[in-house]
Amino acid sequence: MKKNKKMIVGFLAPAVIIFLIVFLYPIVRTIMMSLFKIDSVTDAMENWTFIGLGNYQKLFTTAIFRKAMFNIFRIWSIGGAVVMVLSLLFAVILTSGIRGKKFFRAIIYLPNIVSAVALATMWLQYVYSPKFGLLKTFFDALGLHSLADTPWLDTDHKFWALLFAYCFGMVGYHMLIWMSGIERISPELYEAATIDGANLPQQFRYMTLPLLKGVFKTNITMWSVSSAAFFVWSQLFSSVTANEATIVPVQYMYMHTFGAGNAVTERNAGYGAAIGLILCLCVVLIFTICNKLIRDDDLEF
Amino acid sequence: MAKEKENKVKDKINWKRELKLAPGYIIIILWIIFTFMLLGWIVAASFSTTADIFAGKALKFPTGLHFENYAQAWGSGGVATFFMNSLLYSLTSCALLIIICAPAAYVLARFTFLGNKVIQTSFVSAMGIPITMIVLPLFCVVANMGILNNVAASKVTLIFLYIGINIPYTTIFLLTFFSNLSRTYEEAAAIDGCPPTKTFWKIMFPMAQSGLVTVTIFNFINIWNEYFLSLIFANSNELRPVAVGLYGMLQSMQYTGNWAGMFAAVIIVFLPTFILYLFLSEKIIGGVTGGIKG
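Chains as they are written, first to last, in our numbering: chain U, 1 to 301; chain P, 1 to 294.
Some hints here could point you the wrong way.
Taking lysine-lysine pairs in the BS3-like style, the calculated list, with each CA pair at most 27 angstroms apart, reads [what the hints assert, rightly or not]:
#1 U/Lys101 to U/Lys217
#2 P/Lys202 to U/Lys6
#3 U/Lys292 to U/Lys213
#4 P/Lys60 to U/Lys131
#5 U/Lys217 to U/Lys102
#6 U/Lys217 to P/Lys283
#7 U/Lys102 to P/Lys20
#8 U/Lys213 to P/Lys117
#9 P/Lys117 to U/Lys5
#10 P/Lys117 to U/Lys217
#11 U/Lys292 to P/Lys198
#12 U/Lys37 to U/Lys58
#13 U/Lys67 to U/Lys158
#14 P/Lys283 to U/Lys102
#15 P/Lys20 to U/Lys5
#16 P/Lys16 to U/Lys102
#17 P/Lys202 to P/Lys283
#18 U/Lys292 to U/Lys217
#19 U/Lys5 to P/Lys198
#20 P/Lys283 to U/Lys101
#21 U/Lys131 to U/Lys101
#22 P/Lys198 to P/Lys117
Estimated spans, in silico, between C-beta atoms of each pair [said to hold, decoys possible]:
#23 U/Phe164 to P/Thr184: 49 to 59 angstroms
#24 U/Leu20 to P/Ile147: 17 to 27 angstroms
#25 P/Asn149 to U/Leu142: 18 to 28 angstroms
#26 U/Asp140 to P/Ser122: 30 to 40 angstroms
#27 U/Asn47 to P/Val124: 29 to 39 angstroms
Okay, the calculated bits of chain U under chain P, using three or more residues with CB under 8 angstroms as the criterion [unchecked claim]:
#28 29 to 36
#29 150 to 160
#30 172 to 179
Since the hints were made in silico from the structure, they are not lab data. For each residue, glycine too, the CB sits at the ideal point set by N, CA and C.
Construct the entire structure; sequences and hints are all you get.
Right under this line is the structure:
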């Protein structure tokens with residue numbers, strides 16, 4: 001064992017040191033920063049003014065931030081429900097023994113490998129285009145001309161347009177997680193159920209769903225993590241910072257700390273840090289609730 | 001749909017069974033048609049002209065195929081610089097990630113020592129941390145080092161950050177992989193008098209090849225598409241990778257009205273990961289579920 005000591009240290013050191021620099025130090029500092037008023041991100045600590053929970057207080061009384069939190073909540077909950085239902089549906093269909101499973105699976109996952117900037121552009125400039133868009137062409141072909149003329153990207157529709165486009169890209173990833181869960185369930189269980197006379201919907205309701213509890217937890221966690229970082233879609237959908245329809249917390253933080261907008265007068269990096277911490281706490285909260293509500297240890301497979 | 005037909009010809013068809021699955025086929029095929037329309041139209045538009053796109057004739061090519069859109073986007077559009085930057089960032093980071101994470105993962109998987117569990121737990125939790133939590137102090141450090149105006153130093157910084165944020169995922173992925181390799185190889189090597197460090201590099205590292213390849217493809221796609229970090233740390237066109245570069249181009253091309261060129265740029269950005277996916281989709285799909293334990 002002694003002989004190995006040097007090797008253990010040598011092998012681990014680079015990864016752990018970089019990890020500490022990139023994660024641990026910034027996390028500690030972000031928590032601290034959130035309690036101060038900091039005029040510029042690069043200010044030295046001497047110039048910070050301690051204001052306790054003042055940043056948080058102020059954030060939650062700011063209408064634009066509340067709107068951003070409300071938007072991200074809607075993306076998490078409504079988008080989450082849509083993505084979970086669709087991805088589970090696709091996973092069940094693909095594992096039901098249909099032909100071309102690998103091909104279908106690969107195509108449905110495809111949007112996940114595309115740069116979000118490219119994907120969002122496809123939706124913005126093509127699908128929702130009022131001149132030559134897919135939706136316009138489609139509804140025109142069906143004769144639904146009033147629907148075809150809907151301005152999908154105006155303030156009223158923009159948020160839903162964004163949510164829909166985002167969900168389209170995320171379904172494939174969650175479908176893969178569901179599929180790996182379903183494929184781990186022993187086929188013998190289904191054979192036994194079939195012999196006992198259970199039909200397919202019954203098998204799904206009473207066997208597949210309960211056995212997928214743990215996988216559901218994984219899915220919710222992954223979805224929450226990606227929702228917390230939600231940013232690029234929002235930025236692409238409203239490049240004008242004054243448009244609040246699709247604003248999300250990360251975008252607000254970016255505007256605030258890196259001063260990308262004219263809408264912001266006061267600069268305070270402590271604000272940005274507080275937003276980061278709030279998002280992180282949301283993820284932790286969701287994770288804790290999931291762990292409390294869903295116990296997967298009562299079922300072994 | 002053609003694919004489905006092809007498959008049906010191959011084996012004997014149990015029509016009764018297929019009919020039962022028909023609703024499933026319909027749902028999946030509709031979704032896939034939509035995906036193809038979305039991608040297909042963009043490809044078509046990138047070979048078309050702005051005038052034809054606006055006339056709704058992007059799929060008809062009344063004036064033939066316009067390859068010059070690509071030349072324009074690549075050259076004067078500036079995609080070439082972004083593309084080369086991304087290539088540099090992705091390839092260097094991927095290689096270094098393997099060199100740093102594979103030994104760490106191996107040690108964590110094979111040896112019991114004080115702190116092993118702590119490191120593993122920290123890495124797993126780090127995967128759930130929003131990047132907003134860490135970006136401000138990092139920016140502060142980098143800015144205070146006064147290197148934001150130096151191109152070479154900024155490139156090194158970006159690579160360092162890409163490595164940093166991908167260390168937890170890469171290590172945990174490889175850790176699971178190494179745990180599944182048999183211990184008998186190390187035992188045999190030890191009996192033959194091979195020192196543990198040499199055993200790792202000469203025997204275990206090459207044996208882990210398939211895991212290393214999977215995680216590298218995954219890292220490559222992640223770093224290629226990375227947006228938030230590069231938006232903050234790459235503050236000039238010379239530094240920008242494709243995602244941020246494309247964003248800037250989109251803004252300007254909408255004003256210049258070169259829509260065909262814009263779609264060509266989108267395709268160029270999309271192409272490298274797509275080609276990887278075309279050949280290695282099985283490995284990539286395995287990589288998604290491999291790192292996650294349900």
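Each hint, compared with the structure:
At most 27 angstroms may separate the alpha-carbon atoms for a hinted pair to count; U/Lys101 and U/Lys217 meet this at roughly 25 angstroms. Restraint check for P/Lys202 and U/Lys6: the C-alpha separation of about 18 angstroms stays at or below 27 angstroms, so the hint holds. Under the criterion of a C-alpha separation no larger than 27 angstroms, the hint pairing U/Lys292 with U/Lys213 is consistent with the structure, at around 12 angstroms. Taking the CA atoms of P/Lys60 and U/Lys131, the gap is near 17 angstroms; set against the 27 angstroms cutoff, the hint holds.
Between the alpha carbons of U/Lys217 and U/Lys102 the distance comes to roughly 25 angstroms, so the proposed pair stays at or under 27 angstroms and holds. Distance hint between U/Lys217 and P/Lys283 is fulfilled; the C-alpha atoms sit about 24 angstroms from each other, no more than 27 angstroms. Between the alpha carbons of U/Lys102 and P/Lys20 the distance comes to roughly 20 angstroms, so the proposed pair stays at or under 27 angstroms and holds. With a C-alpha separation of about 26 angstroms, the suggested pairing of U/Lys213 with P/Lys117 holds against the 27 angstroms cut-off.
For the given pair, P/Lys117 sits about 17 angstroms from U/Lys5 by alpha-carbon distance, which is consistent with the 27 angstroms threshold. With a CA separation close to 22 angstroms, the supplied pair P/Lys117 and U/Lys217 stays within the 27 angstroms bound. With a CA separation close to 46 angstroms, the supplied pair U/Lys292 and P/Lys198 exceeds the 27 angstroms bound. Between U/Lys37 and U/Lys58 the CA atoms are separated by roughly 11 angstroms; this keeps the pair inside 27 angstroms, and the hint holds.
Annotation: proposed proximity of U/Lys67 to U/Lys158 holds, straight-line Cα distance about 14 angstroms (limit 27 angstroms). Between P/Lys283 and U/Lys102, the direct Cα distance comes to roughly 12 angstroms. Compliance with the 27 angstroms bound is thereby established for this hinted pair. Of the supplied pair hints, the one linking P/Lys20 and U/Lys5 is violated, its CA atoms being roughly 61 angstroms apart against a limit of 27 angstroms. Only pairs whose Cα atoms come within 27 angstroms are accepted, and P/Lys16 paired with U/Lys102 is accepted, the gap being roughly 22 angstroms.
For the suggested pair P/Lys202 and P/Lys283, the alpha carbons sit about 24 angstroms apart, so the restraint of at most 27 angstroms is met. Distance restraint check for U/Lys292 and U/Lys217: the Cα-Cα separation of roughly 11 angstroms lies within the 27 angstroms cut-off, and the hinted pair is therefore satisfied. A distance of roughly 15 angstroms separates the Cα atoms of U/Lys5 and P/Lys198; the hinted pair therefore holds under the 27 angstroms criterion. Of the pairs offered as hints, the one joining P/Lys283 and U/Lys101 holds, with about 16 angstroms between alpha carbons and a cut-off of 27 angstroms not exceeded.
At roughly 36 angstroms between alpha-carbon atoms, U/Lys131 and U/Lys101 are farther apart than 27 angstroms, so this suggested pair is violated. Taking the CA atoms of P/Lys198 and P/Lys117, the gap is about 25 angstroms. The hint holds against a cut of 27 angstroms. For U/Phe164 and P/Thr184, the Cβ-Cβ distance of about 53 angstroms falls inside the hinted range of 49 to 59 angstroms, so the restraint holds. The given range of 17 to 27 angstroms is respected by U/Leu20 and P/Ile147, whose C-beta atoms sit roughly 21 angstroms from each other.
Taking 18 to 28 angstroms as the suggested C-beta distance range, the pair P/Asn149 and U/Leu142 does not conform, at roughly 56 angstroms. Between U/Asp140 and P/Ser122 the Cβ separation comes to about 55 angstroms, which falls outside the hinted range of 30 to 40 angstroms. The hinted range of 29 to 39 angstroms is satisfied by U/Asn47 and P/Val124, whose Cβ atoms lie roughly 36 angstroms apart. For a cut-off of 8 angstroms, the count of residues in the segment 29 to 36 of chain U with a CB near a CB of chain P stands at 3, and the three-residue condition holds.
As drawn, the segment 150 to 160 of chain U meets chain P at 0 residues by the rule of a beta-carbon pair under 8 angstroms; below three, the given contact is violated. Check result for the segment 172 to 179 of chain U against chain P: holds, 4 residues qualifying (beta carbon to beta carbon below 8 angstroms, three or more required).
Violated hints, listed in ascending order, are 11, 15, 21, 25, 26, 29; each of the other numbered hints is respected by the structure.
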